[in-house]
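Asker: Protein chains in written order, with this note's numbering: chain G, 1 to 313; chain S, 1 to 313; chain A, 1 to 313; chain W, 1 to 313.
Treat the hints as calculated values from the structure; they're not laboratory data.
When the alpha-carbon atoms are kept at most 30 Å apart in a straight line, the in silico DSS-like pairs for lysine-lysine are as follows:
1) W:LYS265 / W:LYS251
2) G:LYS30 / W:LYS52
3) G:LYS265 / G:LYS86
4) A:LYS30 / A:LYS125
5) A:LYS30 / S:LYS36
6) S:LYS52 / A:LYS30
It should be emphasised that the depicted structure is a prediction, and the values quoted were computed from it without experimental measurement.
Residue strings, one per chain:
4 protein chains.
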Amino acid sequence: MGSMSHSDATGIFINETHTSAAIWQYRVEKMLLEGKTQYQTYQICDIPRFGKSLFLDYNIQTSILDEYIFHECMTQPAMTLHPNPKKVVVCGGGEGATLREALYHNTVTEAVMVDIDEELVDMVKVHMPEWHQGAFEDPRTTLLHTDARAWLADHKGANFDVVLSDLPNPHEDGPGQFLFTKEYFQICADAMSEDGVFAMQAGSANENYPACMASCIKTLENMKEVFPYVNGYYGIVSTFFQPWGFVLASKKYDPMALTVEEIAKRHAERGVKNKYYTPRFHQACFTLPEYLLRAVEEQGRLLTDADPFVWDA
Amino acid sequence: MGSMSHSDATGIFINETHTSAAIWQYRVEKMLLEGKTQYQTYQICDIPRFGKSLFLDYNIQTSILDEYIFHECMTQPAMTLHPNPKKVVVCGGGEGATLREALYHNTVTEAVMVDIDEELVDMVKVHMPEWHQGAFEDPRTTLLHTDARAWLADHKGANFDVVLSDLPNPHEDGPGQFLFTKEYFQICADAMSEDGVFAMQAGSANENYPACMASCIKTLENMKEVFPYVNGYYGIVSTFFQPWGFVLASKKYDPMALTVEEIAKRHAERGVKNKYYTPRFHQACFTLPEYLLRAVEEQGRLLTDADPFVWDA
Amino acid sequence: MGSMSHSDATGIFINETHTSAAIWQYRVEKMLLEGKTQYQTYQICDIPRFGKSLFLDYNIQTSILDEYIFHECMTQPAMTLHPNPKKVVVCGGGEGATLREALYHNTVTEAVMVDIDEELVDMVKVHMPEWHQGAFEDPRTTLLHTDARAWLADHKGANFDVVLSDLPNPHEDGPGQFLFTKEYFQICADAMSEDGVFAMQAGSANENYPACMASCIKTLENMKEVFPYVNGYYGIVSTFFQPWGFVLASKKYDPMALTVEEIAKRHAERGVKNKYYTPRFHQACFTLPEYLLRAVEEQGRLLTDADPFVWDA
Amino acid sequence: MGSMSHSDATGIFINETHTSAAIWQYRVEKMLLEGKTQYQTYQICDIPRFGKSLFLDYNIQTSILDEYIFHECMTQPAMTLHPNPKKVVVCGGGEGATLREALYHNTVTEAVMVDIDEELVDMVKVHMPEWHQGAFEDPRTTLLHTDARAWLADHKGANFDVVLSDLPNPHEDGPGQFLFTKEYFQICADAMSEDGVFAMQAGSANENYPACMASCIKTLENMKEVFPYVNGYYGIVSTFFQPWGFVLASKKYDPMALTVEEIAKRHAERGVKNKYYTPRFHQACFTLPEYLLRAVEEQGRLLTDADPFVWDA
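The shape of chain G in the complex, shown without the other chains:
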């Protein structure tokens, strides 16, 4: 394809719909693998500039270019905030990279990953080693294939220090809806230690579709007695063509009280070397643009099992 022009209309594309505003055609240089599990379809392919990438149900999930940005954001703020994270749960997180990031902290003694899609994770083990980097074989890891919410509900009082909720967006008719509600967040809290930290991926941080993230913030803020500290933050994921939103909820520690020096110290002690969530960048990640603050006020609402968020973007 040496002579392929950048503006050439011809080729293979995976089309993803981004709200009603646009359809994105990702150019596929090479289709590496395609398949279908009980839960979703997947493609692994090479994309120009992004490199090796994974699509689930025709939505891009991750690329080798900047998977570290998503996965550091998903994992490192919560792990860093806890002074001594030993027991960690990853809900979802199929590629194994969230697990990988958690295991970087040498404080960890037990890491449980609960992803319902066994077929997908089996595929990932073989075909996406750049993502998991052996995390599934780490002796501290327990890998389970069951419903994360149900499993957590069964582990009330289990005293997990950190829960990382790396789950699919709450699409209509999908099970994801009940993984973005107050009831689910309470189940997480009940499985956490009294100084536990929770973090979740919360959808787009763009101005044209901030309602999911805004509602996650609003809902967790509604649980002040459980989580006195709730903070939205975001990472710039080129692969997603938008910044991506996360929410951290903490029972005891205030992320805004972390100094650059303290973050650097913890990373150094624990053997963590980040490329995006660096000590000096902590503050910038947690400083939301005004439009997100407005969105929390204007579009955020309490999400419950009875009235969950339905992604219609």
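Start from chain G and add chains S, A and W according to the hints.
Answerer: Frame of chain G; chains S, A and W shown alone:
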């Protein structure tokens, strides 16, 4: 279109090529105006979620949703940094919104906008009042239609306090190439007062195409004797599907020395009310992600008239 | 657009879905007019190679390149078959070109066009003169804006010589469904003279979606006592990216009995000069490919008001 | 994908550019195989309604739905016209289906297929058995991988009864250009017996891009002393979204003199059972629409090695 599904493939689209990685199909709800000037084609149309939007040569320029983000970033850091900006030049800036933002500062006594495309600006005056908001009629405004670089070269020693370079990306065979070079930056400097501030739009701030912004930073950093302070910053423009990069170069004042309080004071005194570049958000804007810092090191190069940047994204 | 490459991904497009197999992106060189009536959206635009074109609800209807092919096929076989067509009804036919074709026959004394969409026809009168060519002003023309089926039901016994059914495809939830049924065909027959000829557009004549045309043939063949002669035929419409199907049903005359000489004689006497449906091409038009014959057998079914055809392509 | 809406924008697509008028997005249900040979890229995939399909350089070549139409048109008119075809050459024809069609004639004693792309044919042998159906193993077959024109030039006087030229369109910079010229046609003629028949695929038979087919007709008509009979014909290939053109050139026999009865007799005697090119359909295939006749007059030109056709559609 009441029943239009968000994932409906059917409709009118403007297709924009984003590097070799993707083609973006912006959905057009309503084409409002189309035309062609001596320099470029244009469309004004309604896009779902983005609202009224302008395309030039099939590249989206601005939408009513978040034009304020681009234009505040283009204008406000430089204007705010100068303690008493009286004379301002806007190079390019066809929609009149960069001019509008500069005029918000009541210190301004003279604002010159130099945009070569008279036909486009005439169209904007009539059809894009939400952008210029009367700025062209402001008694402090002088509107010129000539080559900005040549005009600035003719105004050596004119002592402009702020120069805002809101010019098209440097495409192959286009004149934009010579508006992103050390020679051009020197011409700007020569037309500025001894404590002048320069700011420019510098292209994508995404990890997959940071080379233009990185090279602008590198080139301005190469002019330390002229501009002792050079800082990249960015704004999150949903409409562009990526954060957008800018560079500020200052002869005397250090933007990182501005406190939240000082920014708030200046805005209050001058009657400026920002929605994105707020005092508390200044620091976050100027804190570049690690990947941009790496890009400056690894991809940034000195841009000269003999070897300018050629946008091949 | 002088430098536009034919394979350039960039530009304005109208996307039309062609069955589940493909999406077609028609390149818009210039959007000439857009609007919305009570019944449908429309665009008139210039398309490379096709020229001025009309879209309704984002489906291409006609282009200046080959509108004559569709409209001659829609009109000329039926008009030619009748030895002395005086009274003609056009059902639908918004662009006025089917009416125009009928009026070419100097035998016609009365031509009634019944198209429910008055706003569309008013637009056509002004903006599509290349199509109607003054047909609406012909003294023989009566233009009505009401439901064609209801109007025909009110004109039982009106002795029309030719009825031309140029109506939209029978989409789900659309009124078109009841314009492709045995009951509708009976209403047409009842408004026709005892030697009347009926012709209809019947959808795609492609092998991948022949079911609509096949079912129209099957249904009209089921009415042998009314229409002893039923023949499918087709025209090659480049603009539609497929051959298009029609069905002719005749009370008395057999189209296959028409000789080249007789067709030539009738055209000469009546002042008709066709560019596609020429005497020598009559036989080719009416010779259906084997796959269409198979489709009638295998996919054709009786269409009734209770069980109409639903276009799901 | 049971619930996939036909108009869903989401999924995998192969985009093919069809002239400057349109881009076609073929929906890929399943990518079966991808690869690259020395000469071209290929994909085999499942497309809704079309089924298993082959793309070369992102141009659809054939689908299981109607490959028989292309390959019967490519082969059967020429084979049928010759009263006793014994020695046959297929130039190109990678899928092996043109060869298969020729071998259906039990008169054939020797069939040589000359396709330069050995890697592609090796792939076809394994992955496209529905196309070749064992033709490569037929004892009458000789399969060669060399330049077809050069090979034919080396076989002057070889007395082939039929030459079938199933070669790629003459794209810019491609070798195909010199396979659509008078010099090439003369080389073919020189390798044929004195009553030999030649047929070639000649590109689109659509009104918006008939220039290639028109010029092939014009060029072969320019060789009256070699080929007294030259006739264009076409097949309706749904998969190509257009009718496809072919040209037959004959040294001794007139295809228009073939009666339905004679065709039927030859097919019966030789064991040939066609699904598209049936005896009754022969005449329809060879009756070109007026626009193609006009195109020969207005757009057709003599193609030579010095001034070949360059496909710019």
